[in-house]
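2 protein chains.
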Amino acid sequence: MDSSSSSEPRAVCLVSGGMDSAVALAHARAAGFATFALTVAYGQRHVCELDAAARVARALGAREQRVVSVDLRALGGSALTDELAVPKDRAGHEIGRGVPTTYVPARNTVFLAIALGYAEVVGARAIFLGINAIDYSGYPDCRPEFLAAFQKLATLATAAGAERGEPLELHAPLVLLSKREIVLRGRELGVDFALTHSCYDPQLRGERWLSCGRCDACQLRLEGFRAAGLVDPLEYA
Amino acid sequence: MDSSSSSEPRAVCLVSGGMDSAVALAHARAAGFATFALTVAYGQRHVCELDAAARVARALGAREQRVVSVDLRALGGSALTDELAVPKDRAGHEIGRGVPTTYVPARNTVFLAIALGYAEVVGARAIFLGINAIDYSGYPDCRPEFLAAFQKLATLATAAGAERGEPLELHAPLVLLSKREIVLRGRELGVDFALTHSCYDPQLRGERWLSCGRCDACQLRLEGFRAAGLVDPLEYA
Numbered sequence: 010m011d012s013s014s015s016s017e018p019r020a021v022c023l024v025s026g027g028m029d030s031a032v033a034l035a036h037a038r039a040a041g042f043a044t045f046a047l048t049v050a051y052g053q054r055h056v057c058e059l060d061a062a063a064r065v066a067r068a069l070g071a072r073e074q075r076v077v078s079v080d081l082r083a084l085g086g087s088a089l090t091d092e093l094a095v096p097k098d099r100a101g102h103e104i105g106r107g108v109p110t111t112y113v114p115a116r117n118t119v120f121l122a123i124a125l126g127y128a129e130v131v132g133a134r135a136i137f138l139g140i141n142a143i144d145y146s147g148y149p150d151c152r153p154e155f156l157a158a159f160q161k162l163a164t165l166a167t168a169a170g171a172e173r174g175e176p177l178e179l180h181a182p183l184v185l186l187s188k189r190e191i192v193l194r195g196r197e198l199g200v201d202f203a204l205t206h207s208c209y210d211p212q213l214r215g216e217r218w219l220s221c222g223r224c225d226a227c228q229l230r231l232e233g234f235r236a237a238g239l240v241d242p243l244e245y246a
Numbered sequence: 010m011d012s013s014s015s016s017e018p019r020a021v022c023l024v025s026g027g028m029d030s031a032v033a034l035a036h037a038r039a040a041g042f043a044t045f046a047l048t049v050a051y052g053q054r055h056v057c058e059l060d061a062a063a064r065v066a067r068a069l070g071a072r073e074q075r076v077v078s079v080d081l082r083a084l085g086g087s088a089l090t091d092e093l094a095v096p097k098d099r100a101g102h103e104i105g106r107g108v109p110t111t112y113v114p115a116r117n118t119v120f121l122a123i124a125l126g127y128a129e130v131v132g133a134r135a136i137f138l139g140i141n142a143i144d145y146s147g148y149p150d151c152r153p154e155f156l157a158a159f160q161k162l163a164t165l166a167t168a169a170g171a172e173r174g175e176p177l178e179l180h181a182p183l184v185l186l187s188k189r190e191i192v193l194r195g196r197e198l199g200v201d202f203a204l205t206h207s208c209y210d211p212q213l214r215g216e217r218w219l220s221c222g223r224c225d226a227c228q229l230r231l232e233g234f235r236a237a238g239l240v241d242p243l244e245y246a
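Chains A and R supply the protein sequences, listed in that same order. Using our numbering, you'd call the opening residue of the first sequence number 10 and step up by one each time. Using our numbering, you'd call the opening residue of the second sequence number 10 and step up by one each time.
Any given hint could turn out to be false.
Said to hold, decoys possible - Rough simulated footprint, nothing fancy, chain A against chain R, three-plus residues with beta-carbon under 8 angstroms: (1) 116–127; (2) 159–171; (3) 206–219.
For the record, the hints were derived by calculation from the structure and aren't laboratory data. From the three backbone atoms N, C-alpha and C, an ideal C-beta is built for every residue, glycine too.
Based on the provided sequences and hints, a complete structural model is requested.
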């Protein structure tokens, strides 16, 4: 499905399997980058996220996809990687009130650091990631100030930046968008949302993974589709 | 061997098993920090580095040690993690001439990002690392500008920094030291260099790992001991 040519500038795109990173990947492609998809396996509990990331990378024409494992479980400290229950039906209490319990310490810093390494290897001077306004209301490492600081660091950290002064550009095309706007943008860009996965607590029904419809991620996703006047193509339990 | 009390400030110390990080860990302890040793297993080819890291953390009184695996081999791009030969007997050609081939893309950025996550989990507001003048002559992500940029990023990236404005301090106590000075500093601080490991290409003799004495790491180490007028306690092949 690679539709890129060798003369195009290269971008590393963080692809999680979720809808936001899928839309960010489609953005990079539409902006004329040859895309190199990076999926960081950080101790997610559900292999279906990794499967979704591979499907998304293939469908959206990434030149290649690499999966890098980092065992952030060894650090503990989050409901997403610890063996703790994921908070549910608590949208009114949980979303938008300080740092959520699903926060993985320094997750975006770790992801971007690995993306920086990948960018060096493939000669990319751009990194795309799908963080957005919903995220940065709760997670400190999703805010624009953080992104600006990382871009500065990345330029100093790399051989290309250190030796030839080439800046490394960090693109977060969804950073000011709501979930509703992300859904609409994805539709414009031809993203097949049926390939993506958002649920923190999916359930196996036969051979298919169904989304729970109740965790924060499902609630945000469903609300985004509702607000956009569209139907989420995923199956819910 | 934990000699720290609960009232001491906490520091995460990156401990690789090499002599530099051992001296940095001893520095943190001498400065009054309760130390939390972090070893990043990034696809090193030799388990003896990880063994050395555990020995060093224990001997120098770390409160705990965590080992986090990150598979940087999935990115390729370095003689240290690829299945390539390590450059040898090329000190005159290799050391101090631009970025060495043993450079692992974005390695320090990845290590510091993981250290930042660990610091958040244990409530540390300081990170120690053992990079030094020898390193930053060749590796872009060892330079003081890089460290300053990371400290700024780290403060913005964390919940404590974002919510309560608490800075995260990055300490690189060896940053201006030569290998000779590191050897002398380590001796002052009581570091047992026999516990450390530096060689990129060790050889198994019976049940003991011997250092090759020829790779860049061995040459720098041996030269440091020679210049300090001391004998390296390690066994060489």
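Going down the list of hints, with the structure as the test:
| no. | hint | result |
| --- | --- | --- |
| 1 | 116–127 | holds (count 10) |
| 2 | 159–171 | holds (count 10) |
| 3 | 206–219 | violated (count 0) |
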